[in-house]
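Q: Start from the sequences, fold in the hints, and give me the full structure.
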Amino acid sequence: KERKGYNFDTVFGTEAGQRDVYETAVGPLIEKCLEGYNGCVFAYGQTASGKTYTMAGPSAGLVHESLRDGASLHQDIGIISRVVHQLNAYVKAHRGRVDEASGNCVDFVVKVSYLEIYNETLVDLLVDKDKQESLKIRMEPDSTSGKDLYVQNLSERTITTLTDYRRILETGARNRTTGETNMNEASSRSHAILTITLDQYLILAQIGTARKRSKIHLIDLAGSERADATGATGMRLREGAQINQSLSALGNVIAALTATPGGAAGRHVPYRDSKLTYLLSDSLGGNALTLMITCCSPMARNYAESLSTMRFAERVKKVQNKAVVNMD
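In my numbering, each residue's number is its place in the sequence shown (first place is 1) plus 3.
One or more hints might be untrue.
[What the hints assert, rightly or not] Here are the in silico distance ranges between beta carbons for each label pair:
#, residue 1, residue 2, range
1, SER75, ASP102, 28 to 36 Å
2, ALA96, HIS271, 23 to 31 Å
3, ALA96, GLY211, 23 to 31 Å
4, GLU123, ALA213, 19 to 27 Å
No lab work stands behind these hints: they were computed from the structure.
Predicted model only: the values in this text are computed from it and were never measured.
We put the beta carbon where it would ideally sit given N, CA and C, even for glycine.
A: So this is what it looks like as structure tokens:
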């Protein structure tokens, strides 16, 4: 077949480990978030291509071992736990520190929420199924921009230790919807979004208090599916159709953002066509630094899906965001 070239920032081969991916692509983005920028990292690809492995790692046991206070990271642990370690180390090193030159003192408040989008319904992963409230995406008029979105009734936990993070990840993993298909015995049947909000309070001598706020979305998308490959029927088939529909909406948003010079300012962008794209509208063409990790299957039978994934990733690379430091 004719060879086709694609343009990406970095390509990781089969020999690359989780640490290589993190230190090359994710760690530098989180460093910018610590300066007050919003950030978004998401894994995209067909079902069974390694998205959950990339974001979370191979097992819940590794998360448990790596997120104990004083623990070191296992070489196979995923991006989410590595982000948690990086943020936790930064907060511990800088909390209460006084800058002798300026007199500034720094304090931090870290809060975390965890939700899934299952069949176009928002589900709080930190709350038991029988205690769920109706979750709705709202606009926050008191935010810096006046247009920031939040999820009404979504629970948010304050974090101070690695153990706090571990409990949240374990609860979320336990409550997330998964199911068996022919391609994956523990296939994600929903999009999962872990959001970390980091408030840095600067106590300015003779002036008062200022705040830098960073919002970091860490997203494990459900994979696109072909029913003939997954063997899905009944409920699994309906779930797959909803997953494909929301991913199609994501594709339409990316197409709109890259079709006209000026991106979101140049034409209507259909963010509200799905809960996923509406919730992430700031990360797609807005006020955020966004990284997409494209997962491709090495199997020959998945050749067509891998090509489609790479075409999509190349389009995403052309999206222009307008990230600024969030200070008030």
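Q: Can you name, in rising order, the numbers of the hints this structure does not satisfy?
A: 2 and 4
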